[in-house]
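Position chain B relative to chain A; hints supplied.
What follows is the residue order along each chain.
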Amino acid sequence: MTRKERTPRGAGEGGSDIPREVRLALFRSLLELRLLEKRAYDLFLQNLVKGTSHLSLGQEAVAAGFAQAMRPDDYTFCTYRGHAHTLARGASMAGVLGELLGRSCGLMGGKGGSMHLTSVAHGAMGSYAIVGAHLPIAAGAAWSAVHRGTDQVSVCFFGDGATNIGAFHEALNLAVVWKLPVVFVCENNLYMEYTPIRSVTAVEHPAADRASAYGLPPVILDGNDVDAVFRLAREVIARARGGGGPSLVEAKTYRHGGHSRADPATYRPAGELEEWLERDPVTTYRQRLAGLGFAEAALRELEASVQRAVDEATETAKASPPSPAAVVERDVWADGGSSWRS
Amino acid sequence: MAELTYREAVAAGIAQEMARDDRVVLLGEDVGGSGGVFKATVGLLDRFGPKRVRDTPISEQAIVGAAMGAAMTGLRPIAELMFSDFFGVCWDMIANEIAKARYMSAGQMALPLVIRTANGSGARFGAQHSQSVENWAMAVPGLKVVAPSTPADVKGLLAAAVRDPDPVIFFEHKGLYATKGEVPDGELVDRLGTARVLRQGTDVTLVALAAMVPRALRAAERLASEDGISATVVDLRSLVPLDVKTLLAETARTGRLYTVEENPRLCGWGAEIASIVAEEAFYDLDGPIVRITTPHVPLPAADALEDATVPSVERIVETVRRPAG
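Protein chains in written order, with our numbering: chain A, 1 to 342; chain B, 1 to 325.
To be clear, the hints were calculated from the coordinates, so they are not data collected in a lab.
Being a predicted model, the structure only gives us computed values, none of them experimental.
Note that CB positions come from ideal geometry on N, CA and C, so glycine has one too.
Heads up, some of the hints might be wrong.
Said to hold, decoys possible - Derived pair list, reagent style EDC-like, types lysine to aspartate or glutamate, alpha-carbon separation capped at 20 angstroms:
hint : chain 1 : residue 1 : chain 2 : residue 2
1    : A       : Lys179    : B       : Glu29
2    : B       : Lys100    : A       : Asp335
3    : B       : Lys100    : A       : Glu329
4    : B       : Lys51     : A       : Asp151
Unchecked claim - So the derived list for chain A, only partly shown, Cβ under 7 angstroms to chain B, looks like this:
hint : residue
5    : Gly112
6    : Pro136
7    : Trp143
8    : Arg148
9    : Ala167
10   : Val332
Same shape as in the complex, but just chain A (with noise of 0.2 angstroms):
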């Protein structure tokens, strides 16, 4: 296998592979993620979120494409950058808004907000602010589905930065000796935080070059197009599932804002972020759908309706009250309270 950027069997842009309603879902998909959190960011700027979060404007793909891919019981273990995540696999708009806003109705009451959203209900095991944290935590929710033979897989989501803190080694050490049904994709994005990943790494791809110390291919992937992203997503998915073990997947994508909401990101070069724009994967795939013979007027349908979505869950967000200060002390224990007491 090449470290150029793949595209698996029966690709093609037209390729038939993907059917038509699978490409509508992906475009829905995109476009719940790109409003909404177009949507969270109107909202920073009125001041009506607190606290930080990081948006992955120019990332969607990726989510879109996997979550596609995934059954409905997988597990999906994201970062903090875990608004697009989280909502892929189902989430309620309202919920994820309601959790920034830190309201009653949201996904977790107020008391993770953005950077830990978790939706159990819909596979997304939780949002991880403590880079690299996460990677054994989805390999040992891969050991369980093995345990328990419901073949279910883990796919876990992390940014270019985390591939240089030991968690990651130790997870994937574990994961090949384990052979766990667990994916790996890095979600390269060029700056690890503020800083770009190649001038902090000893490779040039940080997961893809480090795949063969794990005895993995290294797999390169563009993670603007959502189709490769779901084309590949199927594949290690079901060589997962199959009991084939883990992978690595290296996909290159970008995000058009900072780090977090107090990033300006005026250390990116002239011009990088212009070039990046052209391969929005939103627009681009709109594209690619009109090319492939889908209807304008189906396309816009589906714009206006995911915007109505977004715009009503905005509304039930904000109608929601605060969350009372009654839940600070709840949920630490499963008896729901937090005595230390007994």
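Relative to chain A, chain B alone:
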């Protein structure tokens, strides 16, 4: 009744729970083929097989992280950390992830898991393999903290920890592994958060944990025979949940409270005990609360130095014997 060593009681407790519940699995460094570096898991691989008793690489983040992922998806893992000092390399998993997942997810996540670890002095391993860190765990909301002192308590409290729906840090004391004690036959399940009054006295109350419990008991015997001082000895057994009721009642009975701690001085668990008693039972006290602790130093390795550092029977006796301040 059978007489078991403390280390045999660990294996017996794990075996009892693994036989009862298929979801219970064990993972850690050398826990399988070699039966653990402290021989506390001998026989489990043969009995339950490699699917449920798994040797891991030296990867503490992966061990504890995998236990967390397994627990949140339906297993009841027991992870062994060879030495409690190694919390230092996986503290993120324990303090940031495991302890907080249920809370941050507003109850969506359940983490029924046990992290067993060898804690404390006695083996002369020095500052990175013999320290006592139960106070680290006690300081983190979301962790239950258990530290038994006898083989029977090991088995019963370990069973309770495995059945508990919350994460439990289970401190085995490496200085006690070779000690023996009677363990009741048949299924044994204790209750977390229950202190035990081992000796009832009238003059002073000594509150201790793990290896400090037998020392407090011996000190109490000497105080009785040499000084005519009648001491109560309370084995806390678990720091979280904490049996405050027993603590306050036994303090009130004598009016004098001494904590006997292996933790270094600052923020050792006894500081919390002293704070609770000062706040809630001040008028039951006839004198100041006295903490008998390891001084605030890293633990030295040489046997004579270690003995001079950790509270000894002699030091407990002398401290209690001193006129009240």
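Under 7 angstroms is the threshold here; is the Cβ of A:Trp143 close enough to any Cβ of chain B for the hint to stand? Where the cut-off is 7 angstroms and the nearest Cβ of chain B is about 6 angstroms from A:Trp143, the hint holds.
Report holds or violated for the interface hint on A:Val332, using the least CB-CB distance to chain B and a cut-off of 7 angstroms. holds (5 angstroms)
Would the hint linking B:Lys51 and A:Asp151 be met if the CA-CA limit is 20 angstroms? holds (16 angstroms)
Verify the proposed pairing of B:Lys100 with A:Asp335, using a straight-line Cα cut of 20 angstroms. Given that 20 angstroms is the threshold and the Cα spacing comes to 15 angstroms, the pair holds.
When the least beta-carbon distance from A:Pro136 to chain B is tested against 7 angstroms, hint result: Nearest chain B Cβ about 3 angstroms off; hint holds.
Does the alpha-carbon distance linking B:Lys100 and A:Glu329 stay inside the 20 angstroms limit? holds (13 angstroms)
Proposed interface contact between A:Ala167 and chain B, which counts if any beta carbon pair is under 7 angstroms: Cβ of A:Ala167 sits 5 angstroms from chain B, so the hint holds.
If you take the shortest Cβ to Cβ gap from A:Arg148 to chain B, is it below 7 angstroms? holds (6 angstroms)
When the least beta-carbon distance from A:Gly112 to chain B is tested against 7 angstroms, hint result: Holds: closest Cβ of chain B sits about 4 angstroms from A:Gly112, inside 7 angstroms.
Can you confirm whether the C-alpha distance between A:Lys179 and B:Glu29 stays at or below 20 angstroms? holds (18 angstroms)
Checked against the numbered hints listed earlier, the structure breaks none of them; every hint is satisfied.
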